[in-house]
Amino acid sequence: SRRRAGRTLLDGIHLCEAYLEHVGMPTLCVASQGALADPEVAALVARCDNRRIQGIVLPDALHHTLSQVEHGVGLLFVIDTPQTETPTSLTQSAVLLDNLQDPGNLGSILRSAAAAGIARVYCSTGTAFAWSPKVLRAGMGAHFLLEIFENVDLATLMRSAAVPIVATSSHARQQLYELDLRQPTAWLFGHEGQGVSDDLLALATRQVGIPHLGPIESLNVAASAAVCFFEQVRQLSSA
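FYI, in the working numbering the residues of the sequence shown are 65 to 303.
If you're looking for bench data, these hints aren't it; they were derived computationally from the structure. Be aware that one or more of the hints could be misleading.
Straight line, CA to CA, 20 Å or less: simulated SDA-like cross-link-like pairs of lysine to any residue [stated by the list, open to error]:
#1 K198 with D166
#2 K198 with Q132
#3 K198 with A178
#4 K198 with A69
#5 K198 with Y83
#6 K198 with Q239
#7 K198 with A287
#8 K198 with E134
#9 K198 with N215
#10 K198 with L209
#11 K198 with A82
#12 K198 with L130
#13 K198 with H78
#14 K198 with E256
#15 K198 with G76
#16 K198 with G70
#17 K198 with P167
So the derived label-pair ranges between C-beta atoms look like this [unchecked claim]:
#18 G98 with T269: 51 to 61 Å
#19 E104 with P146: 42 to 52 Å
#20 T129 with P279: 44 to 54 Å
#21 R246 with A219: 22 to 32 Å
#22 A69 with R246: 34 to 44 Å
#23 V87 with S301: 20 to 30 Å
The beta-carbon is built from N, C-alpha and C at its ideal position, and this holds for glycine as well.
Build out the structure end to end from the sequences listed, making use of the hints.
Below you can see the structure in the form of structure tokens.
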């Protein structure tokens with residue numbers, strides 16, 4: 065429903081501060097009566113008031129029914145979700161997500177991508193809604209540093225890519241640390257259980273594995289993504 069409405073909720077001081085710093089003012093500020101005693105909350109509410117942003121103060125019990133955080137601080141922003149037109153080709157480092165389901169994994173990948181200096185993320189139609197409150201909480205403000213494109217036909221995008229596309233696979237012969245990553249690279253990750261679809265794997269420039277020593281078959285997709293991103297950061301930093 066949030067995807068259709070074009071709006072979502074930011075819950076808590078950190079996300080609201082990050083939005084004000086990197087994007088601007090919300091559509092609506094909703095605080096609980098009790099939260100106004102918190103100086104940080106009061107300061108954020110005052111910033112919205114000063115810009116004549118509509119604000120609502122609710123009784124604590126009623127505000128709690130709106131929050132998805134069990135012990136929230138009592139501050140919500142209602143924001144418009146970005147409506148971005150998908151570029152027709154890949155020309156810079158990016159993340160491609162194929163049918164990723166778990167909001168926590170998606171948010172963690174967004175956070176790692178932003179920390180690694182990757183600016184664009186492309187989500188397939190089957191991927192979780194990037195602007196859901198759960199993904200936003202896991203992203204910890206990363207959304208506001210990224211361009212996130214949803215409902216993307218990844219196959220069409222990949223066919224016109226101007227940069228190499230690397231997919232992780234537990235069956236790959238080449239290992240991540242053997243790659244030269246000192247140029248823009250698009251990273252392709254897939255469903256938590258099934259991985260990247262065969263059709264998209266066939267379009268990838270390379271498939272690589274992540275070496276590990278323990279008797280574990282594979283890494284969590286968010287962990288795999290972080291390893292890949294920061295191996296690229298390491299190579300770029302030492303170039």
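The hints, checked one at a time:
1. K198 with D166: Judged against 20 Å, a Cα distance of about 9 Å means the pair holds.
2. K198 with Q132: holds (8 Å)
3. K198 with A178: It holds: about 18 Å lies between the C-alpha atoms, which stays within 20 Å.
4. K198 with A69: holds (17 Å)
5. K198 with Y83: Status holds; Cα separation ~16 Å.
6. K198 with Q239: violated (33 Å)
7. K198 with A287: Distance ~18 Å between K198 and A287 Cα, so the pair holds.
8. K198 with E134: holds (12 Å)
9. K198 with N215: holds (19 Å)
10. K198 with L209: holds (18 Å)
11. K198 with A82: Holds. K198 to A82 sits at ~16 Å (cutoff 20 Å).
12. K198 with L130: holds (14 Å)
13. K198 with H78: With Cα atoms ~14 Å apart, K198 and H78 stay inside 20 Å; holds.
14. K198 with E256: OK: K198 and E256 at ~17 Å, within 20 Å.
15. K198 with G76: This hinted pair holds, its Cα atoms lying about 12 Å apart.
16. K198 with G70: Holds, because 16 Å separates the two Cα atoms, which is no more than 20 Å.
17. K198 with P167: holds (6 Å)
18. G98 with T269: 51 to 61 Å: Roughly 54 Å apart at Cβ, these two residues keep to the hinted range, so it holds.
19. E104 with P146: 42 to 52 Å: With Cβ atoms ~26 Å apart, the hint is violated.
20. T129 with P279: 44 to 54 Å: holds (46 Å)
21. R246 with A219: 22 to 32 Å: holds (27 Å)
22. A69 with R246: 34 to 44 Å: holds (43 Å)
23. V87 with S301: 20 to 30 Å: holds (29 Å)
Violated hints, listed in ascending order, are 6, 19; each of the other numbered hints is respected by the structure.
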